[in-house]
Amino acid sequence: MNEAPTAQEIRITRVFDAPRALVWQAWTDPEHLARWWGPRGRTTPVDSITLEIRPGGTFRVGSVSDEHGDDMVTTGTFREVVEPERLVLEEAAEDSWHDGAVSEVRLIELADGRTEMRFRATIHTTEEMIGIAETGINSGFDRLAEQVAAR
Amino acid sequence: MMTTDQLTTTFAALADPTRRAILARLAQGEATVNELAEPFPITLQAVSKHVKVLERAGLIARGRNAQMRPSRLQGTALKQAAEWLGEYREFWDDRFDRLDHHLRDIQRGPRHE
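Note that the protein sequences, when read in sequence, are chains G and L.
For the first sequence, our numbering begins at 1 and goes up steadily by one.
For the second sequence, our numbering begins at 152 and goes up steadily by one.
Hints in this document: simulated from the structure, not taken from any laboratory.
Just to be clear, a hint being listed does not mean it is correct.
Using 16 Å as the maximum straight-line C-alpha spacing, the simulated EDC-like pairs for lysine to aspartate or glutamate come out as follows [to be verified]: (1) K200/L <-> E189/L; (2) K203/L <-> D70/G; (3) K200/L <-> D112/G; (4) K200/L <-> D70/G; (5) K203/L <-> E52/G.
Model the full structure from these sequences, guided by the hints.
Here it is as structure tokens:
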């Protein structure tokens, strides 16, 4: 088996009816982030959020399930910070199901005052998860097997 | 398709190395908490807690036998979790829907329901 973790990428482009400075603020101010980080059914307390908006700064967001109180914490490091147009966030592998993920956010001012956001996430999978998936082939988990095999 | 809270619960359940190791063990066949605890330098109670988290996330199911309650992988939920890339995209899409609403809300200013 190949020892290297596999990488997959997702890209999402959105246009927001808001000026770029405000979208930047929504990403970088804990008071804002707490309002949308979510997801539904979970609460993101403002005091669970640490955002050191500088290259090498820490990123930490906690959320609590409203239903059963389980915590989920996302931690990482800001790799790049170019206000107000570019953020690169590297999620730590240790507190996550993946083997590290890098998310890039680009904000582009449109002529009509709106803001285009280009989001790209590169996610690395662990050998362990691939192992679980491969075992799953027999149980019909074929889609994951195809995804991890495609690399 | 899982709801976002289910999805978060699943990702949160998968975020722990001990829980992933438990899943890997269960991929070999069902096992009791005692059997699951063997390879780990942690208490039976701690393993039992991990098993509960996995059960709540729908990743495993436990037998009805009151004494043993062997755990086994739960096909459908694990299959959904296994389609993680699509789910992960969904996860962010949903998050950006909320960002969109948030940006609209704050520009609209305070208003009465």
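Verification of the supplied hints:
{"no.": "1", "hint": "K200/L <-> E189/L", "verdict": "15 Å, holds"}
{"no.": "2", "hint": "K203/L <-> D70/G", "verdict": "11 Å, holds"}
{"no.": "3", "hint": "K200/L <-> D112/G", "verdict": "53 Å, violated"}
{"no.": "4", "hint": "K200/L <-> D70/G", "verdict": "12 Å, holds"}
{"no.": "5", "hint": "K203/L <-> E52/G", "verdict": "35 Å, violated"}
Comparing the model with each numbered hint stated earlier shows that hints 3, 5 do not hold.
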